[in-house]
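J.: Letter by letter, the chains look like this.
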Amino acid sequence: QQQVKQSPQSLIVQKGGISIINCAYENTAFDYFPWYQQFPGKGPALLIAIRPDVSEKKEGRFTISFNKSAKQFSLHIMDSQPGDSATYFCAASATYFGNEKLTFGTGTRLTIIP
Amino acid sequence: NAGVTQTPKFQVLKTGQSMTLQCAQDMNHNSMYWYRQDPGMGLRLIYYSASEGTTDKGEVPNGYNVSRLNKREFSLRLESAAPSQTSVYFCASRRQVLNTEAFFGQGTRLTVV
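Here the protein sequences line up with chains Z and X, keeping their order. Numbering follows our numbering, in which position 24 of the first sequence is assigned residue number 175; successive positions increment by one, without gaps. Numbering follows our numbering, in which position 38 of the second sequence is assigned residue number 1033; successive positions increment by one, without gaps.
Pulled out of the complex, with its shape left as it was, chain X reads as follows (with noise of 0.2 Å):
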């Protein structure tokens, strides 16, 4: 039971540089959930995805964009890398039934130099 994959673990990227962070999860929920963790900062939403289809904004949307593939897959994209986006970025999911457990995947770090 894999849970909540992300894919890459580590990543280094040069100032203007662009990349996709994957994310699948296999328990067939349908919310799916980009956060960014800096220290003193906890978990901030960047964007998350109610259903197939459908994305909104969180707190800290700007220099991101996501995609909702298909109920499997969220994937964030960041087109212009900037040194402030060095961070580490969690993907979770939950099933979109009031009040439940959000499943975190194992996260990506990442370095913008």
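Isolated chain Z, as found in the complex (with noise of 0.2 Å):
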């Protein structure tokens, strides 16, 4: 059971576009919603992360919407360069019990090409 849905699978942008990656979610008890990036052969990192009382956040060329009612989700990267080639997860956490758990979507492999 995939609780949280990723789309594309991958994603291929020319330099200087906008990259969108989508998510969306079921589980009503998701509070914290971050994007992970990850080069080959590292470990994911976080980008950018947003909490469900706001519909925006923006961190330089980042940028995630948020939908509440939709249960949706979107990671927009403006004026894409080479340099964000990379594999982008959406996550959603929620606290069950007192423990947090983080729950990824399944990834999109993004290649921006000159």
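There may be inaccurate statements among the hints.
Below, simulated DSS-like cross-link-like pairs (lysine-lysine); rule was C-alpha separation at most 30 Å, straight line [stated by the list, open to error]:
1. Lys-193(Z) to Lys-1009(X)
2. Lys-1004(X) to Lys-193(Z)
3. Lys-1052(X) to Lys-193(Z)
4. Lys-252(Z) to Lys-1052(X)
5. Lys-1052(X) to Lys-222(Z)
6. Lys-1052(X) to Lys-219(Z)
7. Lys-1009(X) to Lys-1052(X)
8. Lys-193(Z) to Lys-1066(X)
9. Lys-1004(X) to Lys-252(Z)
10. Lys-156(Z) to Lys-222(Z)
To spell it out: a stretch of chain Z is covered by chain X in this simulated footprint if at least three of its residues, at any positions, have a beta carbon under 8 Å from a beta carbon of chain X; those stretches are [claimed, not checked]:
11. 195-203
12. 223-235
In short, the hints are calculated from the structure, not lab data. Ideal Cβ positions, reconstructed from N, Cα and C, are used throughout, including at glycine.
Given two chains presented individually in distinct reference frames, assemble the corresponding complex, making use of the accompanying hints.
T.: Structure (structure tokens):
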């Protein structure tokens, strides 16, 4: 049972374009939605995160859009650069009996072409 | 500042062999996690530990055991390795404060033949 559904599986964008990755969730107990970036041979690292009390968060060229009623959130990368080529994971966090569990989407391999 | 350190980085096992993956963090985090990463499957939680002395199952615990040795260390044991356990394993840690960043190690690439 995939609690966080992510699409597309892979994405190719031209340099300077906008990259958009989408995620959807079912569990309304989720209360924290981070995005992680992973380069080959490395562990994932936090890129940007949002809480459900806001609809958008922007950090530099990276923006999360959050739609609580639709239970969807997306990552937008503006002016995409070759250095942004990586695998991106959305995630959602919920607390169960005092313990936090972080559930990941299946990942999107992003390639930025010159 | 080492962060989260995993050993070994690579390992090849024969079916039926056992091994322990080691993980240590130096950030004084309470929560620690073990994930496996497989193509098209994302990161799936195997086990986690909210604090020293406690462990809980994640999504895919079968075939694994864990030990939270102390606050710093969280090990993952494969008692009888199977080819289906071929994967990249990541350890992560997190402060036990709501909605905080998880820090990942570099991963262990395990192949079971």
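J.: For each hint, tell me whether it holds in the structure or not.
T.: Evaluation of the provided hints:
At roughly 25 Å between alpha-carbon atoms, Lys-193(Z) and Lys-1009(X) fall within 30 Å of each other, so this suggested pair holds. Pair hint Lys-1004(X) plus Lys-193(Z) holds up; C-alpha atoms about 11 Å apart against a cutoff of 30 Å. Distance check on the hinted pair: Lys-1052(X) and Lys-193(Z) sit about 25 Å apart at the alpha-carbon level, within 30 Å; holds. Simply put, Lys-252(Z) and Lys-1052(X) have alpha-carbon atoms about 11 Å apart, close enough for the 30 Å limit, and the pair holds.
A C-alpha spacing of about 26 Å is found between Lys-1052(X) and Lys-222(Z), which places the hinted pair at or below 30 Å, so the restraint holds. For the proposed pair Lys-1052(X) and Lys-219(Z), the alpha carbon gap of about 29 Å is at most 30 Å, so the pair holds. Distance restraint check for Lys-1009(X) and Lys-1052(X): the Cα-Cα separation of roughly 25 Å lies within the 30 Å cut-off, and the hinted pair is therefore satisfied. With a C-alpha separation of about 24 Å, the suggested pair Lys-193(Z) and Lys-1066(X) falls inside the 30 Å cut-off, and the hint holds.
At roughly 25 Å between alpha-carbon atoms, Lys-1004(X) and Lys-252(Z) fall within 30 Å of each other, so this suggested pair holds. Distance hint between Lys-156(Z) and Lys-222(Z) is fulfilled; the C-alpha atoms sit about 11 Å from each other, no more than 30 Å. Evaluation of the coverage hint for the stretch 195-203 of chain Z: fulfilled, as 5 residues show C-beta separations to chain X shorter than 8 Å, against a requirement of three. Coverage of the stretch 223-235 of chain Z by chain X is violated in this model, with 0 residues showing a Cβ closer than 8 Å to a Cβ of that chain against a need of three.
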